[in-house]
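Participant: Based on the sequences and whatever the hints tell you, model everything.
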Amino acid sequence: MTRDRMIAAARVGLVAGGAMVFVVTIGFVETVARREVLADLLSLSTVMIASVAVITGVVAARPNTRDPEPTGQAATLRGVVAGLVAGGMLGLFAIFASAVDLRDILPNLSPSSVQTITFDMEPLVGAAILFIGGGVLGGLGAILRILPVLPTRMVVTAAIAIVVLSIMEQVLRVMLSELELRTVANFFYQSGALTVQGAVAVGVIAAALVWLRRAPQSPVHGLFQRATARTTRRSSLILYVVIALLLLALPQVIGRFPSDVIGNAGLYILLGLGLNIVVGYAGLLDLGYVAFYAIGAYSVALLTSPQSFLALELNFWLILPLVILIAAAAGVVIGAPVLRLRGDYLAIVTLGFGEIVRLLFLSDWLKEYTNAGQGILGVPDPTLPGLTVPTSDPEAIYYPILLACIVAALVAYRLAHSRVGRAWNAMREDESVAEATGINTTNYKLLAFSLGAVFGCLSGALFASKIGSIFPHSFEILVSITALAVIILGGMGSIPGVIVGALVLVGLPELLREFDEYRLLVYGAVLVAMMLLRPEGLVPSAMRRRELHDSTDPDEQYEEEAGVETGKPAISGGVA
Amino acid sequence: MTEAAWGDSADAADRSIVEVGNLTKSFGGLVANRDIDFTIPRHSIVSIIGPNGAGKTTLFNQISGYYQPTSGTIEFDGVNIVGLAPNDVAELGIGRTYQNIRLFADMTVLANVMVGRHARLKSQWYEVILGLPRVALEEEATRTRARELLELVGVPRRYEDELARNLPYGEQRRLEVARALASDPKLLLLDEPTAGMNPGETARMTQFIGRLRRDLGLTILLIEHDMKVVMGVSERITVLDYGEKIAEGTPEEIRANPRVIEAYLGKGATA
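Chains as they are written, first to last, in our numbering: chain R, -9 to 566; chain G, 492 to 762.
These are computed hints drawn from the structure, not numbers from a lab.
Check before you lean on any hint, since a few could be wrong.
Some chain G residues flagged as far from chain R (calculated, every beta-carbon gap over 10 Å) [what the hints assert, rightly or not]: (1) Asp597; (2) Ser674; (3) Pro690; (4) Leu707; (5) Gly723; (6) Glu735; (7) Glu739; (8) Arg746; (9) Asn748.
Residues of chain G clear of chain R, computed beta-carbon distances all greater than 10 Å [said to hold, decoys possible]: (10) Gly512; (11) Val619; (12) Glu630; (13) Glu651.
DEER-style ranges, computed between Cβ atoms [said to hold, decoys possible]: (14) G/Gly569 / R/Asn433: 25 to 33 Å; (15) G/Ala694 / R/Val231: 57 to 65 Å; (16) R/Val231 / G/Gly701: 25 to 33 Å; (17) R/Ala319 / G/Asp652: 34 to 42 Å; (18) G/Glu631 / R/Leu522: 37 to 45 Å; (19) G/Gly687 / R/Ala326: 22 to 30 Å; (20) R/Ala234 / G/Pro647: 53 to 61 Å.
Every residue gets a Cβ at the ideal spot worked out from N, C-alpha and C, and that includes glycine.
Facilitator: Structure below.
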């Protein structure tokens, strides 16, 4: 029996080791090694390897069917074994790679990659460190698994807070400087990463916050729940006013580059909200959503740019209603032929439509109008009469994007909680029964496609104005995939989920420019991990959460999101 | 409402609500329904019986608009419904349940009933987006009505926010009826409503069907295998065999009909 379990643990270790070897061979580890988490002390690559070892330990110590309640000792042992195997495997690989030149077959496996994983030491010494370190960290992971929920949560939160705040150095440092808090900035940050004292402070604060919020003996325990339970219209109004003020002041506080990042995330919030209507509510898997983004961008470019063949040079705000009409029409045009298709077939055909639209804009056939690969330049700023500020400024374009996101979220929320949203859900569940219940599925599909198209086009329109020039290659399939990943990560059908998903998947990678090359790898890993660990998404809609976890008791973990959810109804104001 | 409705329609009681004429449905070479004629009198309970594969559900599916007949006519309440989409048929006032329960499994119990009311609601999508006050009023009225219907069919209040698929089997059957009733149908099609139920549940369902007709003034068309239910509740019975109507009449007539005994009831009918 014990032997079986050890073999199972070793297998977990092998999978983790294999994954690490893979990330090293493609050069990912070397890339992230350039970034530090603790200034001059700890690089992101080390943190990455270490966290894989810890996670390996957690997974290995997990109770399984044969051993539903492992004793602490057995679980720790399994974690150690898994960690040793994973670390050992990476160590052996390091020895092998430093002895044999593998660059012919693995061009990204540079010598410095190998040096990174052996911590710039002799391969044998490095491998030994990896082996032993793997065992220690694996055991640590197992201990985290056995510990009661509260300490585990405190440790994990502290660790995540340190890494995230370190990565966000650029943003936070600028922010602190803007607020004339240079001393604070210097206390926390040094040469692009957190200082040791900064990290300790961040970790302690994060852990303390978790304790305050969760521990039964904490003085403010239960305050949060009670507060949300007793949310009145007035107190929620105050909350919204505060949030609104914060959102309005944000670009002034965080400065140019972070505003730009938030702006890009905002464009994906819009895309996510639109795609969420089509996929999340109506259940129509549209993989060609980028088509609408492209159509919106080109509509604006053609109508406003002096370089367009139309040479109309109209104002952005003037043509906005027209763009919305074009978008709705595009939704119907693309939606109508695929009405009869379901599931996989729909996905494949829409995927094709997405490419067709991009290729049309790229084609020589339409070169006269779309300028093919040269794109359309000189898309003017969305200026308002009497407002002379150049709105292509990241700090300024933030506002139209914010406005669009708020309107879109409100529209999506109202639709979701109405006759229309119910009809969409029913259609997603069982199309023919929905029809027999009196729902005109044709109309409701077209409505979903058109409204989705409007959001997508709006995002594209803002994108064109933000960038100032558009090219067909901005509208590749990756945009569709990212938008889909945003709603899967955040949680299908959940509006707060879209916002969180876009900030994590679009905002974070821009702060971590190193990731850019490996963006798809990260997306893939994130999606697989989400499907395995939390298929309902980070901030699931109330329904999806029950759908996927209805057999388990609602555990503590979900209270947190319940807080987010309970705040929601107030958004609708007049509707509710 | 029910009393008045009864009074009004008592005059029209001789008029039938459904008239099916020469209805034929074939799937390729297979003829599932051949030249079927039958009528459903208003406010009656009519059963369709027949061995497995006799074409009962096919007939149901044509009346509810899910299949288009190969030839023949179907008139509902004076309107020819051949060629109409299922949603239009539902809007005219035909509600149905399914042989294998088909709820919107991942929606809440209350939402299932509220969806059922869809055809009777007027809010348009643009009104919803604008957040007009009457949208909220209608939504509230729908919720109230859905709760009433749940109470009527006997689904306990505490299940209201459960996902439909988490309900016990019997409750799911009742929920399906509530969803069908939500569209204020004039004709309710029940496809084996007691399938899979124990004798106690079956007896309650039989009673309930009778009550629906009495209290809501509905016309009910029933497919049923349980002879006790059929004989106990129906005023008229239509017997199908190999896609053809072989008999029609009151339960007593059917019980005595030699063709029926031969085709379907066998020796059990004399017992």
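Participant: Now tell me, hint by hint, if it's right for this structure.
Facilitator: We went through each hint and held it up to the structure:
The beta carbon of G/Asp597 sits about 5 Å from the closest Cβ of chain R, which is not more than 10 Å, so the claim that it is off the interface is violated. Once the 10 Å rule is applied to beta carbons, G/Ser674 is inconsistent with being away from chain R; the minimum gap is 6 Å. Consistency note on G/Pro690: stated as away from chain R, and its beta-carbon is indeed over 10 Å from all of that chain's, at 29 Å minimum. Interface exclusion of G/Leu707 from chain R stands, the closest Cβ pair being 18 Å apart, more than 10 Å.
Non-interface status of G/Gly723 relative to chain R is upheld: no Cβ of that chain comes within 10 Å, the nearest being about 28 Å off. No beta-carbon of chain R is positioned within 10 Å of the beta-carbon of G/Glu735; the least distance is around 26 Å. Separation of G/Glu739 from chain R is adequate, the least Cβ-Cβ distance of about 26 Å exceeding the 10 Å criterion. Under the 10 Å C-beta cut-off, the non-interface status given to G/Arg746 relative to chain R holds; the minimum distance is some 33 Å.
No beta-carbon of chain R is positioned within 10 Å of the beta-carbon of G/Asn748; the least distance is around 33 Å. Remark: the non-interface label on G/Gly512 is consistent with the geometry, its nearest Cβ contact in chain R lying 23 Å away (cut-off 10 Å). With a least CB separation of 4 Å from chain R, G/Val619 falls inside the 10 Å interface cut-off, contrary to its annotation. Chain R draws G/Glu630 into its interface by the beta-carbon criterion, the shortest separation being 7 Å against a cut-off of 10 Å.
Listed as outside the interface, G/Glu651 is consistent with that label: its C-beta sits roughly 13 Å from the nearest C-beta of chain R, beyond the 10 Å cut-off. For the pair G/Gly569 and R/Asn433, the supplied restraint of 25 to 33 Å holds, since their beta-carbon distance comes to about 26 Å. G/Ala694 and R/Val231 have their C-beta atoms about 60 Å apart, which keeps the hinted 57 to 65 Å range intact. Between R/Val231 and G/Gly701 the beta carbons are some 58 Å apart, a value that contradicts the proposed interval 25 to 33 Å.
In this structure, R/Ala319 and G/Asp652 meet the distance hint of 34 to 42 Å, their C-beta atoms being roughly 40 Å apart. Range check, G/Glu631 to R/Leu522: Cβ separation about 41 Å, and the 37 to 45 Å hint holds. The beta-carbon spacing between G/Gly687 and R/Ala326, approximately 41 Å, falls outside the hinted interval of 22 to 30 Å. Between R/Ala234 and G/Pro647 the CB atoms are about 42 Å apart, so this pair departs from the stated range of 53 to 61 Å.
Hints 1, 2, 11, 12, 16, 19 and 20 from the list above are not met by this structure, while the remaining hints are.
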